[in-house]
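Asker: Both chains come to you apart, so use the hints to assemble them.
Those protein sequences? They're chains D and R, same order as listed.
436 is the number that numbering that gives the first Met the number 0 gives to position 437 of the first sequence; each next residue is one higher, with no gaps.
83 is the number that numbering that gives the first Met the number 0 gives to position 84 of the second sequence; each next residue is one higher, with no gaps.
Relax, there's no trap hidden among the hints.
Result set (DSBU-like, lysine-lysine): computed pairs, CA atoms no more than 30 angstroms apart in a straight line:
#, chain 1, residue 1, chain 2, residue 2
1, D, Lys-435, R, Lys-158
2, R, Lys-101, R, Lys-158
3, R, Lys-104, D, Lys-435
4, R, Lys-23, D, Lys-459
5, D, Lys-435, R, Lys-101
6, R, Lys-294, D, Lys-443
7, R, Lys-104, R, Lys-23
8, R, Lys-23, D, Lys-435
9, R, Lys-364, R, Lys-294
10, R, Lys-427, R, Lys-437
11, R, Lys-101, D, Lys-443
12, D, Lys-459, D, Lys-36
13, D, Lys-41, D, Lys-163
14, R, Lys-23, D, Lys-443
15, R, Lys-427, R, Lys-447
16, R, Lys-440, R, Lys-364
17, D, Lys-443, R, Lys-158
18, R, Lys-104, D, Lys-459
19, R, Lys-104, D, Lys-443
If you are wondering where the hints come from, they were derived from the structure by calculation, not from laboratory data.
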Amino acid sequence: MLEPISVSMESLNLGTLAPMLVAIVGALGILVIDLIKKDLDKTLYVMLSVLILFVDLGAVFGQRLGDRGFFDVMLIDGLAILSQIVILAASMLFIPLALTSRRFHEYSYPEFFALFLFMVAGFQFMVASDNLILIFVGLETASLALYTLIALHNRERSFEAAIKYFVMGALAAGFYVMGAMVFYALTGSVELYKIAEILSVSGFANMTLVLVGVSFMIAAIGFKLSMVPFHTWTPDVYEGASAALAGYMSVVPKIAGFVVAMRVFELLIHSDVVWVRDVLYVAVVVTMTLANIIALVQRDVKRMLAFSSISHAGFVMAAIMIGTTQANSALFLYWILFLFTNLGAFAMLWVSRHKAAVWGDGRFDHPYEKFAGMIHIMPVGAVVMALFMLSLAGVPPFSLFWGKLYIMSAAVNSDYIILALIMAINSAISAYYYLKLIVYMFLKDPSESGRTVYMKNASKPLQTIIGFSVFLTVFAVLAVDPMWEFISTYVQASGF
Amino acid sequence: MDHILSVLVFFPAVAGLLGFVVSKESIRAYGISVAAIEFFLSLWLWFSFDGSYPGMQFVEVLPLIPSFGISYYLGVDGISLFIVILSTFITLIGLIALSIEKDVKNMIVSLLFLEMTMVGVFVSLDAILFYVFWELSLVPMLYIIGAWGGELRVYAAIKFFLYTFAGSLIMLVGMLVMAYLYYQATGVWSFSITEWHRLILPMNYQIWLFIAFFIGLAIKVPMFPFHTWLPYAHGQAPTIGSVILAAVLLKMGTYGLVRLPLPMFPDASVYMIYPVAVLSLIMIIYTAMVAYAQKDMKQVIAYSSVSHMGVIVLGTFAMNPEGITGSVFFMLSHGIVSGALFMLVGVIYDRRHTKLMSEFGGLAKAMPRYATIMGIMVMASVGLPLTMSFVGEFLSLAGFYQISHTMTILAGSSIILGAVYMLSLYKKSFFGDVVHEKNKKLKDLDGKESMALWTLVLVTVWLGVYPKPVLEPINTSVESLVSFMHKKAMTDEAKSVIRPTVIKREAE
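Next up, chain R with everything else stripped away, as it sits in the complex (with noise of 0.2 angstroms):
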């Protein structure tokens, strides 16, 4: 099939628009019929996925505006086929799972646009394109704090909406400087993100393009000190908005960092490492400690997902393989670890409409199943061997190993950091004696809650024995990405930093 990313784009979209005709009763199970459709194409996207090769697969190309270089460009590689493959998967989950009664039909039709704008971001390859459902996103994502969320919802919901809108349109300055730059040099205009791989610029064109390009992703992954608006979206959020934006949406921070900054301005990114790894090591450990000092569970884990995202930008910017393969498969383990984890705590909101943890303890007793669904989250969460996590942490780390020392080892910090406040979270809550009498007599999960985190169980457990199938793919497509920024670079400063395994396989 040639055209499955844009059926994978657009298919959602038009199930959206349908579904406003389906009837109430019936729209979840229309939902969740749509999502697993979807679910399944990606899954045949993965499994026609030629793992051995590098560069773009299933490309699309149709020219929109031709005169100022604007085209529907659609390519797929190994970086970001898992990453289209998490969004459908965490929708399915997040449908499966869904609990909410009000308005349910919006909040469907809304999913459906959101993951449209999801995969589109993640297979698009012409910067507009790029931008376009970048942008989109917000707008379903709004509508979902604002009208199911908590008390604060709208100011939540605004600041969310503003605070990426921003950014992403300095960056929007960014991508016209870039366009205008590759006019200049080739004398076509084109916004095309593999045509302006090629382009070569001058440091200091590079150093501002990397600010604008940044700014705009560093606020969506949310990078320290743009975090602040994380926290209000997920504490106002209703569960499954929570679950898609720290699953998904935090991912498409990171992935453009990967894609556009880094391949593009590859002397300016590695000039660039010290001032990024210092934010991001800020945001791992001072996230972390605020985290520990929340009284309410969702707020710990809307923390802890920041402190992560500071290791999977550290990964990204060690700049060899191990480096972004790492960050890469951790974009993978943190969307469904902490995609989990947003919706065991939705599961005891639903029950008893607080999330404060001092309301519970002994919950173990009460929800055995709960609880063992939990504790192997949280275990994950922390990094523990034999889940997901760890994979990915200990590539990212071990790949900034080569950048520094002595940075690593406090990046490291986060990992018993993360056992701090993940531990005490699932002590207080879990351990103990029942205190309060509401809590003797909570119902266990229910079939649906168990199947969605089984599910999410089994993922976590299988990609952390056996990560193979899903790390070779990344790992192919990484080398190339890495060899190439090698080729690119022009200061030895960063032919030295950004060090490729290709060349080396090739010789043996």
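Pulled out of the complex, with its shape left as it was, chain D reads as follows (with noise of 0.2 angstroms):
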């Protein structure tokens, strides 16, 4: 007869697990309201979510570093700690975005505020755990609320991409438990430090199978990251998704995904597995520099935001493959800055969105032609948007640019000089795309009739979320010597 199986509480230890359990309870208390009382306004629902992730953030403060929970699954570093900063701020600015002037069909359901929050829940877990299991549980339930969200835009095209995305994340998921189980056949063991431990102490004898277990590991974060060639969802599914979750998936998805990628990589790279960092170097080479130039040809500016964004995460993904302390300290900086830029341009997007317009062919939402002299209609709003693209761009001083600097610096103190200088011309060809947007916005006359339909999604709430990132996006260079003390703080604390 088996010993009953006794668990004290204390080794639990389930205080690393209040901030998750804060988002889950509070996804369960929106669906219970609803039950209670049909019909409630969608203003309810965004304030109740964003004190929701309020209190989240308050527990995610409350965390002690370095601690081990459920079962010892549960890891909060400083990598933990920050990106789960990261995932509510962004989160918390994303969620008022429902707060549109025009009606938008999601919004009207209280499950779409349940479901984003499971979703970021999924997303804490995904970057508090250092074992294989609780990472890909945390990322599939992140990844299918996810697909619901986008499916909820309720057009075709949201449907295409949803199914799309769903497929593809499908793969990668595949990929992705390929991947441990192969490490698991190696090491016996699913948690990444062990495994880390096991294979130095044997010196990485089996090369073979670390090699296939990197590339399952490669591709499906690769997948998730949209890192060529793994990217050729991304620019249909953000152009399916409403504006607003297309920037909101442009920022958060991708930091779970680079903790993920520093906790799995970052472990191969300081053992000198040398050609792990060969292919990191190439991937993250031809990512930027693709993406960049597919961008060049886009005519829809959702579209070329998508490849935009896909060239800023092959950008960071050089930080990881660069693997100092200051370079992972340098990733968070940029994407702290990149939260808010981006989110500002897409939420300029966002605002913009007109159900009845049809423009051009009427193949596209938000092409360039839409924008045409829209300083002689909005000068306010097209100064705003120009300040995003030029701040993407990277046009000193405004907030990406330090971003860059932190990177490239971080790649030249490392003596990848080479590569430094390929992120300086790769930020040159950017220029060109963010620049025709502005072109068209500031040298180009409007379009036939000039219908005003810039600002007509745009309301209180969406303006004060634009003015807080444009702030930031000018200001950033006084945020800058704080936010990077604390970041290299934690970063160095979790031992990256």
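Answerer: Rendered as structure tokens:
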């Protein structure tokens, strides 16, 4: 007869789970409210979600650095805390974008908000663990919720996007599981730190198998981060999702992916497995360059931003490849700055969303022509959008310039001068497509009949969020230093 | 006033922001008043500047990102002082003569922002701050060329932006490497240019870094073979855009050469004298020939501008006090003369909406006052003694004569070639009979145009006859720069090429 399993509550250390529990309980709460009283307004759910995320953020700050818990699968290190802060900040900025002045179908369902909170919890699990299985659970929870959120936009293209993303995501999940299996076969463990330990003790005896495992992992993470050649779903999915959600997708799933990539690849890079570094080097350069070149020929601003975000992801992946503390800290700095700017840019698209008006041949929602002559009609809007574009292009002193500066500096400091030059040239290439939008807004005349559609969707909350993003984009230089201190302390504390 | 440099930098920007509130009818007066105040502030700077002290004055330091050594670090010396005054002066003159009617408010606001970036570049002593203003200056110029330019304006504006942006990103990588080397040597991060000057680097580092900086700066100058963006930018830009571009923005490149690579990498600079001199010679002679072949007045002046910039680069790379002082002075005179010439072309373009020389002829009869000023400025551009250009051109070439006789004689042909294309321009458009009916009834210069242009003539002649008040502070700073470079240089070759006169003077 088996002994009854007894686990003391103390050893579970449930405090490590608190942030995710807040999100999950909050989501269930929203569902319960809907059961009790139907047809409550979206404003209620939006504000409830913001409050839940706020409590969640408080719980994150309450966590102790270096804690492990829940059968030791949870790992609260600096990376986990930092990335959860990014995820929650982005989510808190995203959810109020639901308060549009036009009515959009998806926000009338409370399920939207519940799913959203489940997704946030999923991402939080993903970053706060070094157990391959828990990472997988987090990844799938988040992804499944995200597919549904995309489909809820309820247009033909949204369904296409959701299905496409789902199929691709399933493939990536398959790769991930295969990779994890190989590592388990090699070492008998699914804990990353144990895998690293056993591999380095054995001196990477079975290199072929390690190669296979890493290849699977690169493919799986490549899908999530939309690295070339696993990027093909990105533009279509972004196009099908609402602009706000596309902006969210370009920031949050990626930071979760970066953290996982950092955990998985860093242990190999630090054990001098040279070819992992080489493979990543090639992937980084190809992702940056190819995405930039494809972005040059896009006719739709949203698709352009999709390719641009692929290119930015490639840029940041370089930091993981370099692998120094400075590089990893620069990654977080870059992504925090990118968060505000990119979300701001997508929010501007969201503001200009117009259900009835069809532009050009009607193929795209946001073709460049739509923004022609915006300076004459909406000068403030045009200047704001131009600020975001200049910042994305890396024109100083706007926010992303500082991110680029730190990553390029990290590259230079580790003797990757060629890589730094490639980054510089890519920034110059990318300037062209960002300028293209500025050219349309400032240098062209308004299109026929000059329909003033630009700000149709604007409401006070949206304007506030955009104003907030503009403020951080313009005055980023003042925030860089304190942010850098904070980030590098946390990154250093977790040993990356 | 301790913060006069900060005031100089940010006053136009703040004024530009407030300018959004000013009504359309009064915006012109607003712009001129702001530019005038800024100009008088810069004169005050000159007045309180100690011309006998060679180092940085009015220094302001405020750490921006202390952990990475980036600070808000401003200062001015004899080299930058007059370029700052040139920027404020040209902006003021340009605003007075501004003839644009369309969207005049946007134009004036962007000009004021442009003024901030121009002054900012010339007074920043932190590499990152320098870079910030350097890049930021592209944005208003992009808008000015792209929104008010000619038919190909969008193409020209984007070409201008991308060329400079790509070049300066390479310079940024150079800056990061430099900062890292500084960190390795001292254990502290710093982007301060004056600190970097004190770092002595091995030769191979010097050469690579020199190339990185040189590419970024050369595209702006623009050096051959990176000059192709300039004719488009000038050809398409509105008058005010060309004036500012030629008078001030190009000077950023040559000023950068004096401020960054020369004192930072003296050995590499000496090593690179001949390659750079050959490029400059090609630039001087080739673009002068191209200028002669142009049919469009503005293109002639644009190419002549490139040709003269070649002389400036040559003077800079003479590496001796005469050459560098001459090239700095030539920057000023070129700013004023080419600014005036572009303005003059703008005057005739406003009246006839064409710049083709074949459309004119006999303008001297129809517009005598216009022809007088044009004549003076053409002479100044050619380098006639008693005009400002003569002083600068002569000193630059005299400086380089110590490096290479043949090259200097070849470069001296720029004066002859300049006379060929400028005088033929003058002959074709101003002498002879009035062929076109339209040209007979052309209005001569009006009040604001006369005022702007006569001021420029006055300055050209004044500083041509008596350049001392400007030349002396420049010379003081340049001499200390050269003797610093001499002390810093490691190789004997560099030490023998960089010959300071200060030592001689101290011995007396």
